[in-house]
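Please build the complete structure, drawing on both the sequences and the hints.
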Amino acid sequence: MKLLRIIADEMPTSRASVIGGAAFAGGTSWLRRSMVLSGFFIALMVSGSRASAVEVEFRQDAGKYFVEASGLSPETLEQLQADEELKAAAGLLQVFTGAEGAPDQPPLLGTYRLDGQTLVFEPRFPLRPGRVYRAVASVASEAEATTEVDPSKLGLVTIFEVPRGEQSAPTKVEAIFPSGDVLPENQLKFYVHFSAPMARGEVYEHVQLLNEQGQPIDYPFVNVGQELWDRSGTRVTLLLDPGRIKRGLKPREELGPILEEGHSYTLVVQESWRDAAGHPLTEAKRKSFKVTAPDDTQPDPAKWRINRPPADGRQPLAMYFEEPLDHAMLMRVLNVVDGQGKPVPGDVQVGDQEQRWSFAPRQPWQPGEYHIVIATTLEDRAGNSIERPFEVDVFERIEAKVTTETVELPFRVR
Amino acid sequence: MLIRSIVAMLAVAILPAAVQADATEGLTKGSVELTSAGPIAFAPDGVLLISDPMAATIYAVATGDTEGDTSSMKPSVDDLRGKVAAMLGSEPQDVQINDLAVNPQSGNVYLSVARGSGPDAAALILRVNQQGEIAELPLKDVPTAKATLPNAPESAEGRRGNPRMMTVTDLAYVDGRVFIAGLSNEEFASKLRAVAYPFENVNEGASVEIYHGAHGAIETRSPIMTFAPYQVGSEQHVLAAYTCTPLVKFRVSDLKPGEKVRGDTVAELGNRNRPLDMFVYEKDGKSYILMANSSRGVMKITADNVGQADTISEPVEGGGTAGLSYETVESLSGVLQLDRLNDSSAVALVQAEDGKENLRTIDLP
Numbered sequence: 001m002k003l004l005r006i007i008a009d010e011m012p013t014s015r016a017s018v019i020g021g022a023a024f025a026g027g028t029s030w031l032r033r034s035m036v037l038s039g040f041f042i043a044l045m046v047s048g049s050r051a052s053a054v055e056v057e058f059r060q061d062a063g064k065y066f067v068e069a070s071g072l073s074p075e076t077l078e079q080l081q082a083d084e085e086l087k088a089a090a091g092l093l094q095v096f097t098g099a100e101g102a103p104d105q106p107p108l109l110g111t112y113r114l115d116g117q118t119l120v121f122e123p124r125f126p127l128r129p130g131r132v133y134r135a136v137a138s139v140a141s142e143a144e145a146t147t148e149v150d151p152s153k154l155g156l157v158t159i160f161e162v163p164r165g166e167q168s169a170p171t172k173v174e175a176i177f178p179s180g181d182v183l184p185e186n187q188l189k190f191y192v193h194f195s196a197p198m199a200r201g202e203v204y205e206h207v208q209l210l211n212e213q214g215q216p217i218d219y220p221f222v223n224v225g226q227e228l229w230d231r232s233g234t235r236v237t238l239l240l241d242p243g244r245i246k247r248g249l250k251p252r253e254e255l256g257p258i259l260e261e262g263h264s265y266t267l268v269v270q271e272s273w274r275d276a277a278g279h280p281l282t283e284a285k286r287k288s289f290k291v292t293a294p295d296d297t298q299p300d301p302a303k304w305r306i307n308r309p310p311a312d313g314r315q316p317l318a319m320y321f322e323e324p325l326d327h328a329m330l331m332r333v334l335n336v337v338d339g340q341g342k343p344v345p346g347d348v349q350v351g352d353q354e355q356r357w358s359f360a361p362r363q364p365w366q367p368g369e370y371h372i373v374i375a376t377t378l379e380d381r382a383g384n385s386i387e388r389p390f391e392v393d394v395f396e397r398i399e400a401k402v403t404t405e406t407v408e409l410p411f412r413v414r
Numbered sequence: 415m416l417i418r419s420i421v422a423m424l425a426v427a428i429l430p431a432a433v434q435a436d437a438t439e440g441l442t443k444g445s446v447e448l449t450s451a452g453p454i455a456f457a458p459d460g461v462l463l464i465s466d467p468m469a470a471t472i473y474a475v476a477t478g479d480t481e482g483d484t485s486s487m488k489p490s491v492d493d494l495r496g497k498v499a500a501m502l503g504s505e506p507q508d509v510q511i512n513d514l515a516v517n518p519q520s521g522n523v524y525l526s527v528a529r530g531s532g533p534d535a536a537a538l539i540l541r542v543n544q545q546g547e548i549a550e551l552p553l554k555d556v557p558t559a560k561a562t563l564p565n566a567p568e569s570a571e572g573r574r575g576n577p578r579m580m581t582v583t584d585l586a587y588v589d590g591r592v593f594i595a596g597l598s599n600e601e602f603a604s605k606l607r608a609v610a611y612p613f614e615n616v617n618e619g620a621s622v623e624i625y626h627g628a629h630g631a632i633e634t635r636s637p638i639m640t641f642a643p644y645q646v647g648s649e650q651h652v653l654a655a656y657t658c659t660p661l662v663k664f665r666v667s668d669l670k671p672g673e674k675v676r677g678d679t680v681a682e683l684g685n686r687n688r689p690l691d692m693f694v695y696e697k698d699g700k701s702y703i704l705m706a707n708s709s710r711g712v713m714k715i716t717a718d719n720v721g722q723a724d725t726i727s728e729p730v731e732g733g734g735t736a737g738l739s740y741e742t743v744e745s746l747s748g749v750l751q752l753d754r755l756n757d758s759s760a761v762a763l764v765q766a767e768d769g770k771e772n773l774r775t776i777d778l779p
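Protein sequence lines correspond, in order, to chains A and B.
If you're matching positions, the first sequence starts at 1 in my numbering and goes up one per residue.
If you're matching positions, the second sequence starts at 415 in my numbering and goes up one per residue.
A couple of the hints might just be wrong.
Which residues of chain B face chain A? A partial, calculated answer using Cβ under 8 angstroms [stated by the list, open to error]:
1) Gly530
2) Asp534
3) Leu597
Hints in this document: simulated from the structure, not taken from any laboratory.
Yeah, the Cβ is synthetic: ideal placement off N, Cα and C, and Gly gets one too.
What follows is the structure, given as structure tokens:
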């Protein structure tokens with residue numbers, strides 16, 4: 001196996017090593033000139049027992065990349081056209097991740113179709129910016145092509161780097177909730193919000209909880225295997241191990257409580273955490289807080305204060321809580337309905353360290369009766385919900401049983 | 415006195431187990447679009463149960479993969495994660511193999527796979543055959559049914575859609591019902607649910623809330639990490655493993671509407687540990703549980719006495735262990751995923767010292 005020649009004038013020097021490492025099979029007969037795509041290099045190295053006019057191209061259409069093989073012989077086309085499932089296609093053209101790979105590297109998932117006289121491979125998932133892919137076309141003996149690719153028949157290798165596109169703004173931590181700097185000893189969770197989607201699978205490598213001496217606390221978060229991301233990949237939930245919050249449980253006895261009243265701690269989100277594009281964060285984010293007595297009381301809607309808006313305007317309705325509540329749930333589980341029970345469309349804002357919830361209607365308020373409908377699952381920072389306290393003493397305390405799924409707070413707009 | 419106990423409360427009625435002639439009955443042709451791929455498990459007749467945590471939904475899909483001789487099979491793939499990444503056009507660090515399940519009828523290995531994050535995120539199911547060939551399980555125009563978990567995310571609000579999801583830590587088919595253990599990323603809802611298969615009465619499925627109790631009276635709610643059905647005599651039980659690592663048994667028939675059920679802690683398997691996967695098997699006329707753990711290796715736990723095992727009622731000091739006896743299988747290290755293949759072997763995803771994740775067939779210890 002020998003690399004004949006590199007088309008040096010079309011290839012940045014920095015790429016030469018990539019190309020030099022590409023795997024080529026078969027003998028050495030001729031070299032084809034490459035097609036150049038949108039300013040990015042492409043190199044075709046051909047070997048094989050028989051010359052062919054096959055050309056392979058990575059082509060972009062509507063933001064998506066396809067790989068096309070044209071110049072197929074009439075026999076090959078006939079063979080392909082005879083089979084609706086295009087079973088022979090994989091024997092003619094396959095696409096792989098990387099400029100080179102092990103002999104047993106499986107090809108990209110994707111589907112084939114015939115577009116006139118061109119065989120088109122559509123990858124199952126979009127090719128990724130900045131990544132290198134290679135297409136391998138069989139030009140040696142098309143008539144013998146089968147669904148199994150025999151390396152000895154491979155001839156035409158096309159290597160392509162997907163343009164990186166516009167460099168998006170670097171990703172940073174936008175917010176950490178709860179936003180207050182005094183938290184109860186039985187604080188249950190943190191939400192970390194990012195400005196862009198983050199990589200999966202490395203949360204616990206990049207987040208630490210430090211004690212007053214700056215020492216990381218062992219195993220502070222519950223690791224359930226999967227990470228607690230939202231759908232957009234921009235918010236992760238860090239759940240403090242309930243076994244180390246609760247009194248009398250073995251993990252707490254052995255490892256000690258995570259947070260202790262009277263002490264200070266710092267949650268650190270490390271700069272090395274990668275976003276979905278593989279770039280580190282712009283900077284580390286530290287959230288320092290003091291710990292106060294545990295919070296064992298449930299949120300009580302009867303104690304909440306409502307600031308009624310005037311009619312005919314879009315001034316927000318505001319509600320004030322007796323303690324900070326869970327930020328994520330405040331954004332989701334409170335709704336406003338009109339006198340007929342019809343939901344009022346509007347936008348929610350949470351402020352004052354999660355002690356204020358406000359709702360701006362999209363249409364002006366009409367005079368009349370409204371209700372704020374609140375799910376009883378709504379929790380405070382320690383996981384106590386309207387429905388039940390986080391910790392229940394089954395023998396001594398009668399659980400305040402709330403059987404309804406929502407509570408309603410009425411207000412009138414005048 | 416310190417009592418370690420589990421109390422389960424049934425929130426909604428459990429329906430009687432439906433008698434199914436064939437698990438593919440009741441499925442209708444449709445397409446499944448996964449937004450995420452969590453734990454997977456097999457129901458009878460080649461039906462694969464797939465959890466989609468982001469959508470808080472469980473799908474049943476008839477794979478049609480019902481033939482094979484599992485006794486002779488020994489699947490093995492070097493660098494499985496690397497190969498899967500190559501097929502998805504990605505690097506290994508951008509790909510997660512979230513679960514592995516062996517189809518007990520064919521011996522083929524199914525993988526629940528996620529690629530990327532955010533707008534690029536993709537989820538799919540891959541099938542590894544006995545030759546080690548990897549292919550995608552088609553989810554278009556297949557016999558399917560779905561169950562949306564109760565209290566699923568409300569309709570999308572705002573630009574980014576609803577942020578709430580229900581992480582599924584494990585699921586299993588038990589006598590005509592699908593049991594699902596899960597955890598929300600917002601409200602602290604750690605639940606074990608039972609939904610009648612094939613999901614014709616989703617909203618009436620049972621929701622069992624587990625309280626992980628100690629110190630006599632204090633209940634808490636720790637998430638179940640993995641569980642397995644286990645028959646004790648004629649009684650169907652569920653054995654559930656929690657973080658740090660109590661093993662708890664529940665009698666399925668005890669789970670009645672509105673009643674609190676005490677589950678018994680039958681083993682304490684040590685601290686600083688997260689159970690990853692478990693199943694029950696028989697060898698030489700005895701029952702065992704094989705459990706893979708995050709930091710305590712693979713354990714072979716004697717299960718014959720589960721039926722009679724005393725509840726652990728004294729604190730276990732110093733990170734120690736108690737209850738059912740077990741041994742750590744020294745020859746098995748780095749096991750990340752585990753499922754039973756046949757009477758004598760299991761399939762495991764094993765992380766080697768070079769960091770590569772290999773698919774291996776292992777002998778049942």
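These are the hints, each one checked on the structure:
| no. | hint | verdict |
| --- | --- | --- |
| 1 | Gly530 | 6 angstroms, holds |
| 2 | Asp534 | 6 angstroms, holds |
| 3 | Leu597 | 6 angstroms, holds |
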